[in-house]
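Numbering (our numbering), first residue to last: 101 to 209.
Treat the hints as calculated values from the structure; they're not laboratory data.
Keep in mind it's a predicted model, so treat the numbers as computed, not measured.
Virtual Cβ for every residue (Gly too), placed ideally from N, Cα, C.
All clues stand as given, with none of them false.
Quick list of simulated restraints, FRET-style, between CB atoms:
1. Arg-202 / Glu-178: 36 to 44 Å
2. Pro-145 / Asp-124: 25 to 33 Å
3. Glu-195 / Ile-154: 12 to 20 Å
4. Gly-207 / Glu-125: 43 to 51 Å
Within a straight-line C-alpha distance of at most 25 Å, the following computed DMTMM-like cross-link-like pairs (lysine to aspartate or glutamate) qualify:
5. Lys-203 / Glu-143
6. Lys-120 / Glu-194
7. Lys-122 / Asp-152
8. Lys-179 / Glu-143
9. Lys-122 / Glu-143
10. Lys-177 / Glu-143
11. Lys-198 / Asp-152
12. Lys-177 / Asp-124
13. Lys-120 / Glu-178
14. Lys-198 / Glu-143
15. Lys-203 / Glu-149
16. Lys-120 / Asp-152
17. Lys-120 / Glu-149
18. Lys-179 / Glu-125
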Amino acid sequence: MILDLRKPSQAGRWSTPSNKEKHDEIQQEVEQEDSTTSQVRLELPSLAEACDRIGVSNRLAAITINSAIRDMGILTKEKITSLINRSRIRRAREEVCKDIQRKSSEGQV
101 MILDLRKPSQ AGRWSTPSNK EKHDEIQQEV EQEDSTTSQV RLELPSLAEA CDRIGVSNRL
161 AAITINSAIR DMGILTKEKI TSLINRSRIR RAREEVCKDI QRKSSEGQV
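Construct all of the structure, not just a fragment, from the sequences and the given hints.
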């Protein structure tokens, strides 16, 4: 059975509410973290390109990638700084778009 997470169900709710709830719960934990923690700066050009190619929203991409890294043991409650939120994906998409435009104007594409 394949669920299309890009479209809400007829009741106006997500097809899999547990994923949305988990994402929101993790997001709250990150926001409540002590401000003395170091910032993790990741570049995600491959993820950004893949999301653009198949038309996945930033939120769905964040839910999917965080679920995958949680399954791999990279994202745990102790290592919450590994969380990838939708803003990080949005910034990566913007950066990839700028790179493509720059290369296009330089004639490299």
